[in-house]
Each structure stands twice: as structure tokens, then as C-alpha cells.
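Engineer: Can you build the whole structure from these sequences, using the hints too?
Single-letter residue listing:
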Amino acid sequence: MKPSKSTFPLNAWYAAAYDVEVGRSLMARTLCKQKLVLFRKLDGSVAALEDACWHRLMPLSLGHLQGDEVTCGYHGLVYNAQGRCTHMPSQDTLNPSACVRSFPVLEKHRFVWVWPGDPAKADPALVPDMHWNDDAAWAGDGKMIRVKCDYRLVVDNLMDLTHETFVHGSSIGQQAVAEAPFVATHGERTATVTRWMENIDAPPFWAGQIEHSLGYKGKVDRWQIIKFEAPCTVNIDVGVAEPGTGAIPPGGNQGDSRLSQRGRGVNGYVLNTISPETDNTCLYFWAFARNYCLSEQRLTHQLREGVANIFREDEHVLEAQQKAMEDHPDHTFYNLNIDAGSMWARRLIDGLVAKEARPSVIPIQAAA
Amino acid sequence: MKPSKSTFPLNAWYAAAYDVEVGRSLMARTLCKQKLVLFRKLDGSVAALEDACWHRLMPLSLGHLQGDEVTCGYHGLVYNAQGRCTHMPSQDTLNPSACVRSFPVLEKHRFVWVWPGDPAKADPALVPDMHWNDDAAWAGDGKMIRVKCDYRLVVDNLMDLTHETFVHGSSIGQQAVAEAPFVATHGERTATVTRWMENIDAPPFWAGQIEHSLGYKGKVDRWQIIKFEAPCTVNIDVGVAEPGTGAIPPGGNQGDSRLSQRGRGVNGYVLNTISPETDNTCLYFWAFARNYCLSEQRLTHQLREGVANIFREDEHVLEAQQKAMEDHPDHTFYNLNIDAGSMWARRLIDGLVAKEARPSVIPIQAAA
Amino acid sequence: MKPSKSTFPLNAWYAAAYDVEVGRSLMARTLCKQKLVLFRKLDGSVAALEDACWHRLMPLSLGHLQGDEVTCGYHGLVYNAQGRCTHMPSQDTLNPSACVRSFPVLEKHRFVWVWPGDPAKADPALVPDMHWNDDAAWAGDGKMIRVKCDYRLVVDNLMDLTHETFVHGSSIGQQAVAEAPFVATHGERTATVTRWMENIDAPPFWAGQIEHSLGYKGKVDRWQIIKFEAPCTVNIDVGVAEPGTGAIPPGGNQGDSRLSQRGRGVNGYVLNTISPETDNTCLYFWAFARNYCLSEQRLTHQLREGVANIFREDEHVLEAQQKAMEDHPDHTFYNLNIDAGSMWARRLIDGLVAKEARPSVIPIQAAA
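Chains as they are written, first to last, in the working numbering: chain V, 13 to 380; chain Y, 13 to 380; chain R, 13 to 380.
There could be a bad hint or two in this list.
Unchecked claim - With a Cα cut of at most 25 Å, we get these calculated PhoX-like pairs of lysine-lysine:
#1 Y:LYS160 x V:LYS335
#2 Y:LYS229 x Y:LYS17
#3 V:LYS367 x V:LYS335
#4 Y:LYS335 x R:LYS47
#5 Y:LYS45 x Y:LYS133
#6 R:LYS231 x R:LYS17
#7 V:LYS231 x V:LYS17
#8 Y:LYS335 x R:LYS45
#9 R:LYS47 x R:LYS155
#10 R:LYS45 x V:LYS47
#11 Y:LYS133 x Y:LYS17
#12 Y:LYS45 x V:LYS160
#13 V:LYS133 x V:LYS17
#14 R:LYS335 x R:LYS160
#15 V:LYS155 x V:LYS53
#16 V:LYS133 x V:LYS45
#17 R:LYS45 x R:LYS231
#18 Y:LYS47 x V:LYS160
#19 R:LYS47 x R:LYS120
#20 Y:LYS160 x R:LYS45
#21 Y:LYS231 x V:LYS335
#22 V:LYS160 x V:LYS53
#23 R:LYS335 x V:LYS160
#24 Y:LYS45 x Y:LYS367
#25 V:LYS335 x V:LYS160
#26 Y:LYS120 x Y:LYS53
#27 V:LYS45 x R:LYS160
#28 Y:LYS335 x R:LYS160
#29 V:LYS47 x R:LYS155
#30 Y:LYS133 x V:LYS335
#31 V:LYS45 x R:LYS155
#32 R:LYS133 x R:LYS120
#33 Y:LYS45 x Y:LYS229
#34 Y:LYS45 x Y:LYS160
#35 R:LYS47 x Y:LYS160
#36 V:LYS335 x V:LYS133
What the hints contain is simulated information worked out from the structure, not anything from laboratory work.
Please read all numbers here as calculations on a predicted model, not as lab measurements.
Structural biologist: Written out as C-alpha cells, the structure is:
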């Protein structure tokens, strides 16, 4: 058996939880094969420790939180929020090695982000931009699902939306998505796929949104601007507008325009960040934010559940694909035009992984 | 870990389904570790393709059938019934390598047969004779069960019916089956075990049949003529007749006599063909055909369920045996007299497997 | 993969069942990775045979018991209680090698003990002393649970009762158990941990017992005298008494004193013997015997269920620990003061295992 190459970089911020999931109790979660226990300290900030007691590896998440300290649920070793053991049963002297790893953690845009790699490199500026998730100009909600597949398959899925036609035919899919041309570009940490569908019938999902919001029925211009940020975040600018009302600005839309620049229409952001749990499972955090009917709680609820149904269709496909790939471990894959975006995403991920790889054998050159 | 020797030949017809199971929808089935998608074409014939899209290995069985073409349920690649890709999303030029394997397939005697090996060798004449399954002189019905064992254990089970005494005591088992002598013979692709039990009490199953059919109560002559055809088909001529009425013809019965030559009695065929799914699971197709009371639908129903109950007893034993063998991977087995038939069957299977094995390293002899 | 060292000696008596579990039917049980079939003979004594027919490995426990003989449920081979095959179907001559292993077995102190190792070494005197389980001066009851962990983790658990404070806080745990000093000693096959807690509040469990038995409320002296007998038996002398009434005899208590020497109090024995089933599962037999209110059936019932609830808390912890250890196969463990008793127990187990290990390669020294 050859050693398997890592499928993810460690030096990155990964969403570990929605902010509301972490409170004054101990929560177990696995990120990048690392078992973590998360809890909120008395000052409201979040701590993330290795979820294995130094003594007998008992998961600390099965223990007790008191103040900012965690007591192991087996023999009562106590750890502070930095992972240092502060108490042992029946002895006064503490072994100086007695500690568990603590991980850099911060909260931003409604997610709790953990850095599984070198703490010295944990730059807060590297957290991906998902501001639509807590911006007053946008309204929305999301969920986390655990998908039994390599997180990169979810990235592939999002970087090529032609699959909407075949997987999501009853909601957002339509023939145009598989037929309209698209443009794929990339930067140092990002890859972007842009697809414009002009003067088409809106698919059921968007037809409902534009009618509800603007009372409009009829043909639309539709857009999908997919932006990947390595290693695992994909934010998609989506929407429809009345044809020819300026939805397509001269020189193309860079994905950051406001609705007013696009003419009369509705605009949403599908926010996705997918954290590898193991090599073949992942935590998929998503949200759908919109810039219309902001105060309608019923619509927020309805959209969250509607999008959840769509993502369940993806989950079914992704898990079938993972299983098929495991059945064919040595398969060589061919790429189609539609894979351009995911190929760039994969290349950026591979680059981050390669940067972290250390040669295990250093070849020694003999003198001439 | 040493490479495991194949347990089945690939160049053979294997039952993949009962004819009625395959219709105008996509059906997944695994034969000889090969995942297949089966469907009936517009002309009524059956197609069998590899169940993995050329692009991302998505099972085609999760896609859609339109006309004689299959559309992948992920990215919409379309394949014709020969496995050739005829359409790709968002591109006009098709990659010339884009295809999936298609397999020789035919229907005969109520089964859909697939040839997983070299298509050039797929001779229709090699389909085993199971004509009792659709012969107007016989009536019956059957089922398919998935058994979690090596298909050869089912063959062993059928080649030695002494187990009826211990496994099926309440229906077809009786002490005589374990005591009466038997004769085992073999040909190039077949092995036969013949057992005659003269002037005995009929076991509950047969006592019921002969009374229902002929109004007869009392001692019987009973026969079991088991015929194996490599690699995995076992047809068993079974029945009881009034003692001394000619059931046992001079010179022995070759299993092809008609009931009239056997005297007053009832005759059935237990038809079995067992397709390896993996090394330790199989698809067991069976039917029970009789030559009496042909028009009694109630009897057909009753016999099918009665035999299904008997085969559930076998299933229990076979899965326990498989598990025990996996617990003792290096066990050496000893054979008893009763194993004569299954030993011949195994030898014929091994011969077919050996014929297909290719040396992976060709030794090179150094010059002298 | 390096060959795994055995985790248990074979030359030892292991509890295979409570006496009442074994009757006139076939019972399967696994001890030290050896599958057994147990049954009670016509004379009332118990037989233990290898649970795999010589012919096709069929578990004999799925067969039939007739008299003192077992008939295999597949092909009807018959074995006597010594494991010798006495009948084969359809043949008169029995293969002389046809037998299954039989194991030394005896009953003592309410358990059926089996010796999986060399029968010549099966000395009845080596059965651990658990006489409280059928001594008229004591009353009690117990259960068997199957725990998904290495049996040695249960031994560790019992050798250090500080865990009561953290795992069993609502019943027998209290801060004093984690704080009071203890003494660990050992002999050739035994290790003992003694802990005295003087003039403390009784924990809920014991407060209830002493009030029920003696009408006493108030401070108590509490003791725990844990005695391990290699490889897997741990009997614990526990109880509370009115402070200063003589519970702590001069010179220390050796665990064999009678209640009367300890002053006014209540005394129980927690009897535990843990049989390895596989490397990561075990059969945990326990009982709780008391020397007060002997005739109260209701109390016996209540104590059995109460202790069962406590042991379920352990089961939860032990299975989490096993899983964590499997996730960290190369982890080096550090020991605390509280591990003194289990370190001795482990050392005694390792000694027994080492004594049985045979060098698989004998180095041959070349002549000089």
C-alpha cells in the first residue's frame, strides 16, 4: 500500500461550526482528521482543543465544562482553555508534558473557523469573505450537512453548474444551463466561472422569486458567477432580471455589482464552505442570502428548506460518486470543457497541499 | 497479502435477472464484480452496459432512459445501447474514447443472461438448458435471492442433498436421504449425482404432492437426479412414485425419462443457477417446475412459497458457513463420500478458471 | 503490519457463562478468540467444544443436542461430548481425524469456567476465589455484559476507583475518592489497592444502604480494598461504617476481616471477572454481594439494577476509550499515581503472556 497523499492543506481556516452551534457545553467535531472539542468561554469567545485526554485519550467532549476549564469525564484531569493540564487526581505535582493541543479559532461571518495547521501562520486576514451571511443588506439562512465524500467532490459540483440540468430539473435546472457558454478565469487563490443565459424562461425556482418580489412574469436574463477561494469556499452570485434591463453591464459583470446596476431583478448568493472531516467525509456549510424582501421571515424559512431539498439531491449524487471512485481506486479521469472551473480549483488545492508536503527521504548526491 | 485467485470464470453466461425484472427503466446489478446497468430497448431486447459514466464514474443506473439511450444523472452525458457516448454538455466535439463497456446479453428460459468475459467467445449455444422453465409440459415459478456467500457454497449445497435430512427436516428431509447410496458421474462440463430411495415413507412435502395429484397414500420410490453444468447451474430431477410401478427402469434412470416411464408418480425439476456477484455474495435464481396439475394456479403459488421457505433454511446455513470460512482463512477441508458430486463440480469450475488465468510474470531463462 | 502480541494468556480459567445460562441446549460463546459451543450433559456437568464442524466449519451451535451428542445442522455429523465424531452420513468408516477440540470446563462460585489453553495445565485450584457469590453469609446477584473493549481496560477501570468521582457522581462517586491517599501492593499473581476515607459524608448509594440496614445517618468511614488476581479477576471489598467504631483496625485492614471487626456498618463485595472475547471485545461478568439484610429479595433486585446502571456508565467510558486508542495505534501512554494498581495488574498479565510466547525463529549461531 502506497502512502496516501493528503487531500487537504492544514494551513487554512476551516469552518468548524455555525456560531450558534457552540455554547456553554462541550461539542465534538472532526476537522482534517483532527478530533476537536469546542466550547464557548465565559468571555464569549470560542476555544478549540484536541479531543483526547493526555492520560488515556478519553474524548474530552465526554467530560464537563466548568468556567473556562474542561474536566475529563474518566479520571478528572482538568485542562484550561489553552490545553494545559491544571489538575490531576490524587497527586499534587503535575507532569510538565501534560497538555492537549489547542487550535487557533475565530468567528467571522456567522461561522467558527479553526486553523488545524501551524498556529504561527494563522493569519485572520485569510478567512474567506462570506460577508453576505451577516450583512444587513442581505437576508438568509443556512445549514450544515455531513456528506460522505471527499470535500473536493463538493467543490467540483459547485464549480460546474451544468449538473443543475440533470440533478435539479424540478427547481433550478434547465436546458440553458447545460448549453450556454461560460468563461473560466483564475487568480492566485481564486477561480471564477461566469455563465450568462439571456432572454430565457426562468426555471421554477427563479420564476417564483422574481414574481414574488417584483410581480414580474416572462423571459429573463439569468446569471451564475461562481467564485472559488482555495481550499474549500465557493460563493455563487446568482439571479435573474428582466431581459435587456441592464443585467448584463457592458464589459461583463464581475460579480460584485449591486442589483441596481443589473436592472430589475432578484439576486442571491449561495455561500458554501466545505471542511474536510476525513479523506472521504466532509462538513458542508451552506447558506442562501438574498437582497430582496429582506424582512419576510416566511420567505427566509421557505428558501432555506427549498435549498436544503436541492442540496439533498447533490448529496445523493456525491455519495454515489464517492462510492464509485472507491470501487475504482486506480481510475484515470478525463475532463470535459465543463470541468474547466473545477480543474483550476483542484490545481489551487494541489498547490497548497504540495507546499506543505515535506520530502520524507532527502536524496544525497555523491561527490563527482 | 497474496493475490486472491479468481473464484469464477468470466467466459460464461450468467443469469443477471428474471426476464420480467428488466423493463423500460434502469436496473443496477452486479455480476462477477462488474457493475451493470440493464434496460429493455424499444425493440424489446435487453442491453447491459457498465454502470459507471466514462466522465466521473457516476452509476448510469441513477440516470434516465430515453428511447434506447441513457443520460447520466450528474452531467448529462448520453450513451447509446452499445455504450458509445453520443452527447456531452456544453461541447460539440466528443472525446473519441468516451464510451462504457457493453456486454453480450440474451434471454432464454425466462432468464436474462450476460457474458462478462470476452465478447468474441459469447456463444449462445453455451447457455445452460433450463427449458422446464418455459415448457408447456411443465408449470412453476421461482425467485431470486441474494445470498451472502461464495456462489460455490450454493453449488456444494445442491450437489449433496443429504443435508435435506438435517436442514429441511420438516419438509423434504428424511433419514433415507442421508442413508441411501448414490452414484456420482461426470462429463466434460457436467457432473451428476443420482440417488434412489426405494419403498420408503414419503417426506411431508412429497406425501402432500402425490396425494393431491393422484390421491395416493403410502410407501413410495423417491429419486433425486442432480445435474451440474459448469460453472454454476444445477438442475435437479426429483419426485416420488408408487413403489415398483416402474419408477426405477432397468439399467438405472438417466434423468431424462418421462413420468410415464417411471410409473404412477409426481415429478418436479428444481432449477438453480447461481451468479457470483462478488467473491462472497451471489445472486441465486431458482424455480420449481412440475409436470402435474399444470393448470392449478393456487398450487403454483403454494409451491413457490413453500420452496422459498426451504431455501431460506439453506440461506441461513450458507451464510453461517461463509462466515466460519472467513474466520478460518487457511483451513484445509476434508471431504466425505457425500462430497463426491461437489468435488467434481469444483474441479470443473477450477478448470474453467485456470484456463482463463494468465501468468503475470513470464520467467526468462538465461542462456547457458 | 507487525504481528500483534497476544493480549491474554491461554492457560487460565475464564468465566464463559453464569451457571444458569447453560442448559440442555446449544449455546455459542467466544473466549480468547476461540468459538465455543457449551451444553449441559445428562449428568448435569457442562461440556465445551470447538464451535466448528470438522467437515465444513459449520457452527455446531446451530445443530441439535441429543443425549450427550451434538449433530451438525448441515450434514449431520455427530460428535460426542469429548469432541470425537461418532457418525457420518452415507458412510460407515469414520475418518480417524474427525473430531473437534474439547476444552476443560468446571463450575465454581456460580460461573462456568473454561480453560482455552493446554488441557494438561488446567488445574482446578487456579480458579479465582469468588466464593461470596454462593456463600450463605452473603446475598446478591449479577449480570454479564458484552463490552466492546480490550478486557484490560476493564481491569484498569476497576484498579483505580478515582474514576467513580467523575463517572459515577450520582451514586458512588464523591470528591473524597479522588483525594484520599491509597496504598498499592502486589504478590506473585495478585495486586491490591487499598483506600480509606475517614469521617466523610457517604455518597448517595452508601448513605442509602447504611440507613436502610442500620437506620444510621451521618458521617462514615468508607473503604475500598481492590484485589486483582491475574489475568482478569477483580474482587472489591467495599463498605461504610460509623466513624471510629473500629472500621479501621490497627495495622490496617487486609480485606479479609469480618464486618464485626469493622464496627457498625455495611459491607459488600463487587465481584468482577472479565473474559477476553477478542482483542477488542470482552464478556464482563459481575455480581454484587452484601452481608446485611440477607433475606430481602427486593433489595437484591434493587441493588442488581442499581449496580447495572453504574456499570453502564463504565461501559460508555470504556468503549469511548477503546475507540480513541484504535484511532491512535502508536500512542505512548503516561501513567499517573492513580495508575499504580493497574500498572501492577498489567505487569502480571504481561508476565503470563510472555511465559506462553514461543520464539517463531530460532537464531542459529554460525560456528567460529
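Engineer: Starting from the hint list further up, note which numbers the structure goes against and sort them upward.
Structural biologist: 2, 3, 6, 7, 10, 17, 21, 22, 29, 30, 31, 33 and 36
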